[in-house]
Amino acid sequence: MKRWMEYAIAALCGLIFGLGLIVAGMTNPAKVQGFLDLAGDWDPSLAFVMAGAIAVAILPFQSLRRRTQSLCGTPLHLPGQTKAGKTRLIIGSLLFGTGWGIAGFCPGPALVGLASAWLPALLFCAGMFAGFALSGRNTPAATSDDA
Amino acid sequence: MHIVNFTPWSALVGGALIGLAAALLALCLGRVAGISGIAGRLFERGTPDRSWRVAFLLGLCAAPWLLAALGFAFEHPSSTSPGLLLGAGVLVGLGTRLANGCTSGHGVCGLARLSGRSLIAVLSFMSAGFVTVWLLRHVVGA
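Chains as they are written, first to last, in the numbering used here: chain A, 1 to 147; chain B, 1 to 142.
Bound-form chain B, shown alone (with noise of 0.2 Å):
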């Protein structure tokens, strides 16, 4: 194995924003940052408190137009086939709604809770993540 683009301090840095938004939203609003949940239960029959959801998601939004406001614009690259693409976004929409949670619902706000069911969904969702990459990479794509 090797170590490559490592990085550490903008991983910390963002981390530590992604941590302090999270911390702000439950302090204040008494509500958990959970990416799959705000956005999922958007669409969901009798979910009562949709405002929030929709003010949290235009927040999110726009975080990359004021970086691009600001000079910063980024771009990458994505070698996923458009076919893969939409049957992973289906596997994860469906995924994390069953689970209750995704990488920040779980991962972040579940774990900082010292939550088992999220150090089992975190548990999971990772060893299948190292899994379907070995996979594509090692074995399919070798």
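Looking at chain A on its own, in the form it has when it is part of the complex (with noise of 0.2 Å):
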């Protein structure tokens, strides 16, 4: 396949994603943090987001198990079975469901924000990229891959 082309299908499913994100309102810190919040007033919103997306990847993902390259005949890069570490899991999921819970910013929502220069995921944007660099330092494995 041309790079131009792979270039070109990243490109397009990142905009497909964040258009996804805007529409679904998940670039609303508010409306993430009403779904966190399930001793106030709550907003489902966040699981139908996850099983719509779900539904609709589910079928594709299972076809590539019988496949050994992608329909572009790129190399599969998809997780195997890791071996790294459940506690790295654990605690790593544990760190970012607490940052996400206190701004109602996960990453993707956040670069979205980046990008239309808003103050909030600007300065959630800067302390995200410290936080990769960081892991970076402390991670010699950082070529097992879950996503």
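No wet-lab data here; the hints were simulated from the structure. Fair warning: this is a prediction, and the values are worked out from it, not measured in the lab. Do not rely on the hints blindly, as some may be mistaken.
Said to hold, decoys possible - Derived, one-sided and incomplete: chain A residues facing chain B with beta-carbon distance under 10 Å:
1) Ile22
2) Pro29
3) Gly40
4) Thr74
5) Leu94
6) Ala121
Positions of the beta carbon are idealized from the N, C-alpha and C atoms, including for glycine.
Join these two chains into a complex; the hints should help.
Spelled out as structure tokens, the structure:
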């Protein structure tokens, strides 16, 4: 496959992904925190976002199990049986969930907000990139990959 | 518990678009649409394939501009203080790289792959999120 086609497909996927986040309301931190606030006024929308995404993605992902390369002939870079420890997985996810609850941003919506030059997203992203850099120093096994 | 601000249809449609993007990226390029991995690995030494990551992120960042050009501007309030935003960002950046994934990589792609590790990740970050918001809104802020 031509290199430019690969990049065009990646860019298109990014665009559709970003539009999806905005349409779903996930770029609004208050809406995300509304989902996480089980004890207060609850907004179940985020669960529907995940359900809608998984419903569309599950058959394509399952169909890839029987393939050794992508439809375009590129190698599959899907996670296999990762040997990385569960402790790291759980501690990392707990840290992530804590930051997610505090700010109402996860990485995708934060980057969309950054692109709109929105100050809260800008501040959050500055911290996030610092966090990315921090993790690199502590993770020699950066090649093992879940997602 | 009261249900408020619930937008099931836009949530489902937006979610379906996210799922479509993840499915296309996996089917066509064999890649997982995990934002923390795509962005985080850009800056790590030894990442051999930066170009498609940059292309994906440019597409992602073009989304709000495309909508703005079509007349759909969106502005949200954020009541979180600057210091907390920075700190939360560090937690999210560090945590998602340690866990190799976030809401997209584990929550959408991982669950669609029926990955047990992703289920563990999702249950962990959801629990932490629920507890954090409960603490902030109903214990500290009460």
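Satisfaction of the A:Gly40 interface hint, Cβ to chain B closer than 10 Å = holds (6 Å)
Measuring from the C-beta of A:Ile22 to each C-beta in chain B, is the shortest one below 10 Å?
-> Hint holds; A:Ile22 Cβ to chain B Cβ min 6 Å, cut 10 Å.
Against chain B, run the beta carbon of A:Ala121 and see if the smallest gap drops under 10 Å.
-> Since the shortest Cβ distance to chain B is 8 Å, the answer is holds.
Minimum beta-carbon distance criterion (10 Å), A:Thr74 to chain B | holds (5 Å)
Does the interface hint hold: is A:Leu94 within less than 10 Å of chain B, judged Cβ to Cβ?
-> At about 5 Å, which falls below the 10 Å cut-off, the nearest Cβ of chain B leaves the hint on A:Leu94 intact, so it holds.
So, A:Pro29 near chain B? Judge it on the closest CB pair being under 10 Å.
-> Check passed: Cβ of A:Pro29 comes within 5 Å of chain B, closer than 10 Å.
In this structure, none of the earlier numbered hints is contradicted; all agree with it.
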